[in-house]
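Colleague: Sequence:
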Amino acid sequence: MNDQHQRDLDVEYLKVRKEQKLKLRKKIALVLIGAGVVIIGGVLLAMTLMKSSDAYAAAENYLMANPQIQAETGGIKDFGMFPSGNVNIHNGYGISELSINVNGTKKDIEITVHLEKQPEGDWEVIDVERE
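Reading the sequence shown from the start, the letters are residues 1 to 131 in the working numbering.
Errors might be hidden in some of the hints.
[Said to hold, decoys possible] For lysine-lysine, the following BS3-like pairs were computed, each having C-alpha atoms within a straight-line distance of at most 27 angstroms: (1) K51 to K107; (2) K77 to K107; (3) K51 to K77.
[Unchecked claim] Pair by pair, the computed Cβ-Cβ distance ranges are: (4) V43 to Q70: 28 to 36 angstroms; (5) D108 to L45: 24 to 32 angstroms; (6) D127 to L45: 21 to 29 angstroms; (7) T105 to I126: 23 to 31 angstroms; (8) Y93 to K26: 48 to 56 angstroms; (9) K21 to G92: 55 to 63 angstroms; (10) A29 to I109: 36 to 44 angstroms; (11) K18 to I95: 56 to 64 angstroms; (12) L45 to Q70: 17 to 25 angstroms; (13) I28 to N101: 51 to 59 angstroms.
Treat the hints as calculated values from the structure; they're not laboratory data. Quick reminder that beta carbons are idealized off the backbone N, C-alpha and C, glycines included.
Could you build the full structure based on these sequences and the hints that come with them?
Modeller: The structure is reproduced here in structure tokens:
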């Protein structure tokens, strides 16, 4: 085999390897983008489900009716987009801990609301913590 033919083969091999690496990078990028979309979608779904729960509604109602929180915030405008916490229900009994950003006209605060639920009953606020 002559030197020119060997160089041509080497160049062809390098082109093929470069194409393979590019295809692999594209696949990795698509997997990472897909994983990111799934994670973000899962987080948004969890937040949506939490905000639509009866426990969250009971916590919001309690905060809206609480004169101390109304005074501290200057009146509640709305609640934050991203509550955190948990809602657990088993055999009709429920326990929930929700951290909610309260956006006021004068001041924003973060409140953690602890709730309980008895079977056939409504959610009841048992404790409120100011963060």
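Colleague: If a hint holds in the structure, say so; if it doesn't, say that too.
Modeller: Tested hints:
Distance restraint check for K51 and K107: the Cα-Cα separation of roughly 22 angstroms lies within the 27 angstroms cut-off, and the hinted pair is therefore satisfied. Taking the CA atoms of K77 and K107, the gap is near 10 angstroms; set against the 27 angstroms cutoff, the hint holds. Between K51 and K77 the CA atoms are separated by roughly 17 angstroms; this keeps the pair inside 27 angstroms, and the hint holds. Range check, V43 to Q70: about 31 angstroms between beta-carbon atoms, so the 28 to 36 angstroms window is met.
Taken as a hint, the range 24 to 32 angstroms holds for the pair D108 and L45, whose Cβ atoms sit roughly 25 angstroms apart. A hinted range of 21 to 29 angstroms holds for the C-beta pair D127 and L45, which are about 28 angstroms apart. A beta carbon spacing of about 28 angstroms between T105 and I126 agrees with the range 23 to 31 angstroms that was offered as a hint. At about 51 angstroms, the CB distance of Y93 to K26 agrees with the hint of 48 to 56 angstroms.
Range check, K21 to G92: about 58 angstroms between beta-carbon atoms, so the 55 to 63 angstroms window is met. Remark: the range hint 36 to 44 angstroms for A29 to I109 is upheld by a beta-carbon distance near 41 angstroms. At about 58 angstroms, the beta-carbon gap between K18 and I95 stays in the expected band of 56 to 64 angstroms. Here the CB-CB span from L45 to Q70 is close to 32 angstroms, at odds with the stated 17 to 25 angstroms.
At roughly 37 angstroms, the beta carbons of I28 and N101 sit outside the given window of 51 to 59 angstroms.
Checked against the numbered hints above, the structure violates hints 12 and 13; every other hint is satisfied.
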